[in-house]
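Student: The residues making up each chain are set out below.
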Amino acid sequence: MSFRIKVFLSITVTVLIAVWVVAAVVSALVTNSFERREAQRTAALVAEFQREFDRRGQEVARRIDAIANSDTVQRMAVNLAGPQPDASRYVDEAPALAREQSLNFLELVGPDGRIISSAEWPARFGYQESWLLEPVDWKAQGVFLKREDLADGATLGLVTVRGVKTGERTLYVAGGSQLDKEFFDSLPVAEGMRVQLYRNFEPRPAPDTLGSALAATLIQQVQQQPRELTRTSPAASISAIPLIGRDKQLLAILLVESSRAELATLKRTIQATAWGVGAVGVLLGLILSFWTASRITRPLRALAGSVRQVAAGDWNTRAVVDSRDEIGQLARDFNHMTEQLSEQRDRMIQAERVAAWRELARRLAHELKNPLFPLQITVENLQRSRQASPEQFDEVFRESTTTLLAELDNLKTIIGRFSDFAKMPAPHLESVNLNDTVREVLKLFEAQIRAPGHAPIDVRLETEQNLASIAADSDQIRRALRNLVLNALDAMPKGGTLTIRTQNVNGTAGTRVAVEVSDTGEGLTPEECERLFTPYYTTKQHGTGLGLAIVQSVVSDHKGTISVHSQPGHGTTFRIELNR
Amino acid sequence: MRLRAWLWLALSSVSAGSLAAGTRPHYGGILTMDLTGTFSTLEPSELPGLLSTLIGETLVRINSRGEFEPCLAASWQREADGRRWRISLRSNVKFHDGELLNAVSAAPVLLAALKRTYSDVAITPGGTTLVIQSASPLPDLLTELASPRTAIIRKSESSPLIGTGPFRVTAWEPGRRLALAAFEDYWGGRPFLDSAVINLGSNRTSADVFDVPFSSLRRILPEATRIWQSAPGELLALVAADVPAFAMQALALAIDRSSIVNVLTQRRGEPAFGLLPQWLSGYEFLFQSAPDVTRARQLASQSKLNPLALSYAGNDSFARAVAERIALNARDAGLTVQPSPNSGGSLRLVRLPLESADAAADLVILTRLLGLAERTNTVDVSKPETLYEAEKALLDSNRVIPLLHLPQLYALTPRVHFREADRGNPLILHLEDLWVDP
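From first to last, the protein sequence lines are chains A and B. Per the working numbering: the first sequence = residues 1338 to 1917. Per the working numbering: the second sequence = residues -14 to 423.
What the hints contain is simulated information worked out from the structure, not anything from laboratory work. Don't take every hint at face value.
Pairwise CB distance ranges (calculated) [claimed, not checked]: (1) 325/B <-> 1416/A: 45 to 55 Å; (2) 271/B <-> 1478/A: 48 to 58 Å; (3) 1526/A <-> 283/B: 42 to 52 Å; (4) 288/B <-> 1423/A: 34 to 44 Å; (5) 1478/A <-> 190/B: 41 to 51 Å; (6) 1526/A <-> 190/B: 48 to 58 Å; (7) 1478/A <-> 288/B: 41 to 51 Å; (8) 190/B <-> 1419/A: 25 to 35 Å; (9) 354/B <-> 1478/A: 50 to 60 Å.
From a predicted model like this one, the values you see are computed outputs, not experimental measurements. A virtual CB, placed ideally from N, CA and C, is assigned to each residue, including glycine.
Just chain A, with the same shape it has in the complex (with noise of 0.2 Å):
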């Protein structure tokens, strides 16, 4: 992940989370506020319904009153107290006395109980309302809520009774007015709230009941236990207040909804908003990001250049300090770095050149001192017999001769040999197909392997059918295996293996060959491996320390790359991968 999406995305979650804690914490606040709010509205209504409720009962109390102490009243409970009473002459009084007092429900019963007349329901003369016949003081009981039944249905009321006494009889005015929509129309409903009326004998709430389901289940609960609640749901807030009739059953639910409509606005606003600041902060983060990025990526990257150069050689490269903030100490403190870096690659190579040097004339001393010491033997000799007969010094100088000549011819192989080594020439390239060249210098050594005496050596060659031709100079590479072929075999003095093994290898530079020669010989300690391409250096007590110099040079000069695998005791394989 690059750095400017690092910085685009923390500046972007930063801003969103702060812009969603902030949109959090207004919404529950607005959201609290409101309910709080709500909760008052709701309790004022209610209050004003209770209000309103006492006052209607005043006023069916005092109409009531009137109706009882009416002259029709008074002589119709004269008449039934006596000996033989008609009630039904008196069957169309209440509707018209119910008219008379605007009372939407009034029944006239008689001592024994039975409906003489019924302002609501005609009908019922003659029915019993056998609970007018408890002994109850209905005065001091006073304005109740009672289910009332009619033709049509059912609903409630506000209802008082009241007896007319004479002698030992009672004539019983009951009556009341419907606890109707006008009722609920002179509540002072606040905007965005409903006021409604479940009664408790409906099967279920009306269609257009507050709130459908989350009225139902209110409803349910209070059925299930009568007491004050309140629901909440997105689109409404729903309190449901019980009433209660005078026998204390659940007549009837007062529903008060408060819309939730201007929260949800209100809510959505706040989302709105949140989601706008949120978008603005993305894009202030791309943009800073953007900003942020190159203003920090830039000396990195320019510092990031520098190094690649110092990688690709140019010790001399310097970062750009322009800042002095911390990638400014940063580029200064690469520049102090490859300063240094430079100092010492001068230093060590100038410690490598003189170490070459001396390796150099450590070995040309040792490889000279070998040939010299016979010419001077030689000579000595040589010198001695000039006292000898001519005879024996013809003999002496015949054979000092040569000696003297099979020596210096020893010297110029050994100057010619590091005379190559200096003149590695450049190779020419053409197409090379490396199976080709590995048969080629198998073949070389076949007779050597073979030799009687020789230790037995089993040749393995492991070729890739398709393997792909390279661009190379074939005498060099030649001259590589062979020396590469030449060391497996001084490895196995005992015999053992030789395995060489070439294929196509498939990587990132694209299609290369490998070819590996692999021996079965006592290995080389990591240390050695190190050391093996250094020039002079050899584990062979006659080497001249050039043959795996030689061949790195050549895979260098190929542009390709040779390394070396081995544990003591298992044998060293070498490996040189070369470029198409």
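Given the coordinates of chain A, work out where chain B should sit on it, guided by the hints.
Tutor: Chain B in isolation, oriented as in the chain A frame:
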């Protein structure tokens, strides 16, 4: 069959006895009468029962005992096979225009009326005798001759209706007013009143006589006003269309008729358990049963029933009150009945008039009006037992539930007096028996 209604007469005499007490009858005076109903023709068959015999008369009539008795006919003879009847007309009977009633003048009117019932009937007039014959027997000819449809009447340019009755028409404003004057030459003797003015479609209570519908029975009447009550002459019944039998049985058991009678008719009506009232049939008590809500509820619970619409005449507040009471009683039994003034419900509350004092004729008419005529067509109505069985079969069909038998009610102011006389149909207030104080 002619059933005696001595019981009703006794009761009627008691209730009306006080009306007859006081002054002795005397001639003269004008009677005013307000009727809530109205009619636009003076055809005797279309007139209300109160007026049907005042102007035109029939050859025979049925008295309060249910017997045929002579009216314009002095006597009649029937041949054994019932195909030929000889009717002797009463002598010295004059039409309102002074013309004497004879066979020639009566025959065309009678033939036209009888042809509506007997297509092959023929009448041969001969002096004061009418010979009525037909290819098939005419067993109920007397019933037909007692019907207002066969009243002997004529029409002329000077008078819309000329008959032989105790009153003659002096003025006629169709649908509004009918003025009658006493017919001096009435064969049965001049009526007490000089004249009578009848206002139609009036709800006033200021006339000497006015009818009292049950819907306004409980209203306050002028002081000292008395009520004249006819024999129960109207059936209030529930008629069903496509209502299951069990529902009808449940309804019949649920309805508390006595409460309706006591309160809504102020005891003027009678609970009806048969189509014909007890005074007319003599066997209605056999159908009597008490309300049984428990049994009704059991019956109603047999199967789930959709609400039953109960229609009644929209302008009849009494019918509405009864319908609402029925709905209430039905509710007690678990049935839902919805009263509605609109026609077409599965239940109809109907008021069916009894036209005569002849039980068989009334039953036939009732069944025809109820749409159940096919059930009485083959019944021999001349025997009380077959009439009972026919009516029982009708009731058992669960198509009709009799509710009340209602009388006609007339309010009489104190200046009106009434003389009780058996002039035939007890369903009618006979104006010729009234007189007024000067």
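Student: Hint by hint, say whether it matches the structure.
Tutor: Tested hints:
The hinted window of 45 to 55 Å between residue 325/B and residue 1416/A is violated, with their beta carbons roughly 36 Å apart. Between residue 271/B and residue 1478/A the CB atoms are about 51 Å apart, so this pair conforms to the stated range of 48 to 58 Å. At about 49 Å, the CB distance of residue 1526/A to residue 283/B agrees with the hint of 42 to 52 Å. The hint said 34 to 44 Å for the Cβ distance between residue 288/B and residue 1423/A, and at roughly 41 Å that hint holds.
As the Cβ distance of residue 1478/A to residue 190/B is approximately 44 Å, the hint placing it in 41 to 51 Å holds. Against the hinted window of 48 to 58 Å, the Cβ-Cβ separation of residue 1526/A and residue 190/B comes to about 51 Å, which satisfies the hint. About 44 Å separates the C-beta atoms of residue 1478/A and residue 288/B, a value consistent with the hinted range of 41 to 51 Å. Between residue 190/B and residue 1419/A the C-beta distance comes to about 28 Å, which sits within the given range of 25 to 35 Å.
At roughly 54 Å, the beta-carbon separation of residue 354/B and residue 1478/A lies within the given 50 to 60 Å, and the hint holds.
The structure does not agree with numbered hint 1 stated previously, though it agrees with all others.
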